[in-house]
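Undergrad: One letter stands for each residue in the lines below.
There are 2 protein chains.
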Amino acid sequence: MPHFEKIEYQPIPVRELLLEMKNLSELMIDLAYSAALFNDKDLAEDVLVLESRVDTLAYLLDMEIMVAARDPKDAEALIGISIVAAATDKISDAAGDIAAIVTRNIGVHPIVGEIFEKVEERLMQATVKGNSKIVGKKVGALDLAARMGVDIIAIRRNKDWMINPDENERVFLGDVLITRGAPLGIKAFKDLAEGQPSKLEEPT
Amino acid sequence: MPHFEKIEYQPIPVRELLLEMKNLSELMIDLAYSAALFNDKDLAEDVLVLESRVDTLAYLLDMEIMVAARDPKDAEALIGISIVAAATDKISDAAGDIAAIVTRNIGVHPIVGEIFEKVEERLMQATVKGNSKIVGKKVGALDLAARMGVDIIAIRRNKDWMINPDENERVFLGDVLITRGAPLGIKAFKDLAEGQPSKLEEPT
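Listed in order, the protein sequences are those of chains L and U. When you number the first sequence by the numbering used here, it's gap-free, plus one each residue, and the end is 204. When you number the second sequence by the numbering used here, it's gap-free, plus one each residue, and the end is 204.
There could be a bad hint or two in this list.
Because identical chains cannot be distinguished in the list, a pair is counted as satisfied if it fits within a single copy or across any two copies.
[Unchecked claim] Straight-line alpha carbon distances no greater than 25 Å define the calculated DSS-like cross-link-like pairs of lysine-lysine that follow:
#	residue 1	residue 2
1	Lys-41	Lys-90
2	Lys-138	Lys-41
3	Lys-73	Lys-41
4	Lys-138	Lys-190
5	Lys-41	Lys-187
6	Lys-73	Lys-129
Honestly, the hints are just simulated from the structure, not real lab data.
Construct the complete structure from the given sequences, taking the supplied hints into account.
TA: Following this line, the structure appears as structure tokens:
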């Protein structure tokens, strides 16, 4: 049974709301394809959580726009923002529909698998364990792109998502990292994050 | 006044239909952002043409699935395809909504422009003119990625779209090429395609 929270007006800049909606919706499509391809229920559920987050952002943005528009001229200037926000919401809904294939056990038809396979790079999620060498390190210091061809595209910490984390962001125990890269690299990174020995890991 | 064609059943493999829908819908999002950012009416109209193409593909795919499903077990196996097709259709609709900002003269609010600017690579369309050196050449022989950092992501020839054209595909007079790359590279390529002198063009 989903939990429904009252959406209260919060004075968050429209720019921030729209940027988060756009980034999340694009990430969600990638995540949803990966969830379906790998039949990954956790990832699929993350997509559904994000879908609900985008819905909330959409409500907040609509309220913000209403408050901002004082006259018909303002409304004309702001309608473009409203259209783009609604479009990102549609994209997020589409990602949620694809994720539901996994959460509702619909099964990925071979044709769907084949088409999603064409995504050259793969996504993987890894939960940072206590014995991992990356705990407390900065994203930039891990030098993942050069070492493993891997990019951390999002960090979920508790219920918050950081999309495209800054290189000064530190990795904490329990963080869920979404990485993108070639299959071998992301597998090696998952081992590293989860404190497993890995062939690609540098000697200590 | 739009022209409505009767959608007749055509025996096209589901795989082909779904792959074209997925590729087009993803391309359309990029094209729609670019159309809005550069206030490019031609590009925006292309997006709307593609939206209508995706609608047609969706109808054809739905009919194909109906014909393919002989019993409830088939239907259960095929419903995943139907969900993915509907999701790509939603994404294509979202792209169409963004394109409509341009075709309906809504104007791109600075906040929207700022957010679309964050797309690191740019898209440009160029129509191949008769005096261009690329007429008749193969896409692969142009060696665009190495020379200019430019990638041809789609060719529109008459009313047909080739997405991610093969390197053996030849460029013809009148082709509309959609390219992706850094701003300088795509500008240089546009000059080349349109038969204009360009600094980045190799000496003859």
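Undergrad: Compare the structure with the hints numbered earlier in the document and write down the numbers of the violated ones, lowest to highest.
TA: 2, 6
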